[in-house]
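Engineer: Chain by chain, the residues:
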Amino acid sequence: MSATPGRIAFATVVAFLGIAPFLPMAGMKQYMLHVVIQIFIWTFIGQAWSLMGRFGLVSLGHGAFLGIGAYATTLLWNFYGLTPWIGSLVAVALAVVMAFLVAYPCSRFGIIGHYFALTTLAVGEVVRLLIIAERDWTGGSLGVTLKAAGDASFIALQYADKQVWYYVGLVLWLAGLWVWARLDRSMARAAMEAIGEDETAAASVGIRVTRFKLWLTVLSAALTALGGVAYAQYITYVNPETLSGIGVSLRIVFAVVLGGMYSLLGPTVGTALTIALSEWLRIVFGVKFIGMAETIYGLLLVIFIIFLPAGIYGSLADLVRRRRRPAAAPATA
Amino acid sequence: MLELRNVTAGYGAFTALWDVTLAVERGEAVAVVGPNGAGKTTLLRVISGVIAPRGGDFVFEDAPLGGRPAHEIVAHGIAHVPEGRRLFPALTVTENLKMGAFLRSARKDFRDSLERVYALFPVLAERHRQRAGSLSGGEQQMLAVGRALMSRPRLILFDEPSMGLAPVMVLRLFDLIRRVREEGYTILIVEQNVRQVLKLVDRAYLLEVGRVKMHGRAAELSEQDFVRKAYVGL
Ligand SMILES: Nc1ncnc2c1ncn2[C@@H]1O[C@H](COP(=O)(O)OP(=O)(O)OP(=O)(O)O)[C@@H](O)[C@H]1O
Ligand SMILES: [Mg+2]
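Taken in order, these protein sequences are the chains called W and G. Taken in order, the first sequence gives residues 59 to 391; the numbers are from the numbering used here. Taken in order, the second sequence gives residues 105 to 338; the numbers are from the numbering used here.
It should be emphasised that the hints constitute simulated quantities derived from the structure, not laboratory data. Quick caveat, the model's predicted, so the values are computed rather than measured. By construction, the Cβ of each residue, glycine as well, lies at the ideal position given by its N, Cα and C atoms. Each hint should be verified, as a subset may be incorrect.
[To be verified] Here are the simulated distance ranges between beta carbons: (1) W:I304 x G:G288: 56 to 62 Å; (2) W:L232 x G:S238: 38 to 44 Å; (3) G:P226 x W:L81: 55 to 61 Å.
Next up, chain W with everything else stripped away, as it sits in the complex (with noise of 0.2 Å):
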């Protein structure tokens, strides 16, 4: 068995595994474990819109699911009492409904490349300028906090103990490889490849275009928006800026693109180094330099999309890949 790529990552996953659970026992530090928490959170995102991204439906309206799953979840809880659990399902639905809105008539009238990219923007605008419009139930600007459920920790899915965030992080995590790799060894993806390179030439060998491209936008919207159920219930306050429009959008597509999306631990590598910065950032700018964190991922991800489309992690698996077959015929692209 050689050492390829994609079986060093298994091998790190499962090594990972291994120690994952004790990680929290082991005394760590509740900022640390916050931490690790929202990469956890955060990467299962970015692995949701890598599902897309990977294929060239590059959104950069994410936002909008996030949010839809964050306020659906919550305003249900605090103006109806329903339970995160039934919230969540509906917080789905809601994204599904909406990414059909979105992919449907983009697909049915060829709206793709930048033509996407530009939509999908517009489209998450629209949903953080919606919930600062609706102040009256989503407190506009301000936010929300989520209602606090005494001692109802299970039927509210609030919990302050921090391990158990931590492994709810965990499955998620996992969750996200498990469909990533999925994904990565079906047709589907044969299919959204070949889509991706060329749509008319897709079409005439019998790939339905529109349906895969909807199937695949609908199951990234609807991973995304559980992704924003969890960081609600995790941080338990939400706000449109943190969870909708631009900001959060390119902050996801930045993490993947810095990691690699064509890769399984793409996202999580790129997820990593994207918020250990920000705490780096804040740790030696404190609030002096609020925005700073924006203006280098802006600065970061033009140069990464020009010298390294791969990122970090996929170019590294390449250069691994190219070692160990130094005897095959060279690339002649």
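Guided by the hints, dock chain G with the ligands onto chain W, whose structure is given.
Structural biologist: Relative to the frame of chain W, chain G with the ligands by itself:
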């Protein structure tokens, strides 16, 4: 085998095909020629299900297929080699061929189809790991034809296969299509290269501004007259 009766089609408010009636018998090779913008590509798009006809009948081997989506039409045994080849440039030769056998019905015969395509075009076998985008124009055209064969069709639609090829390559391409024909496939081909294509086919249709202006046996059609008409457009 294939029969179109009074087919009308277009884009939005624009009508590109008017009352087109056309038939292809099993084992035949039939050409559609005509000036630019005559509606030749539109005609093939209707047959392959990329666009839906607005009116008329379209029957293939007794199955009414008018307005059926592309994937059903491929499954019924019609393959389309689209205008401009339309390969997947970043995928390898083998991967492109694999995509040709995407439909479930074709997937189970993948190995067998692959061997047949490689036997027909040995150069593709030699370059099976090369990216499609890095092949020469002639090789790309072979790959486009090979990919169409992978779906196990009985009728193959060619849309201007000679486009963008050097004159020497054009001659080889027609040889290649002749070989495909000898394998027993039925062929409907759109070409600007009228003189060449008339040597290849049994019958031909002349399309002008969306209407069939003339049709008949390739040999019988007064070649000069026909060629002139097709090129000059009147
Ligand atoms: N997607 C489209 N939308 C609108 N009009 C179109 C579209 N495609 C083609 N047309 C129009 O339909 C008419 C027929 O086009 P078509 O491509 O079928 O011609 P053609 O005979 O294949 O021409 P060529 O020899 O240049 O390939 C033209 O007037 C063209 O402008
Ligand atoms: Mg044409």
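Engineer: Take the hints in turn and mark each one as holding or not.
Structural biologist: Checked hints:
Look at W:I304 against G:G288: about 58 Å separates their beta carbons, and that is inside 56 to 62 Å. Between W:L232 and G:S238 the CB atoms are about 39 Å apart, so this pair conforms to the stated range of 38 to 44 Å. Range check, G:P226 to W:L81: about 58 Å between beta-carbon atoms, so the 55 to 61 Å window is met.
When held up to the earlier numbered hints, the structure conflicts with none and fits them all.
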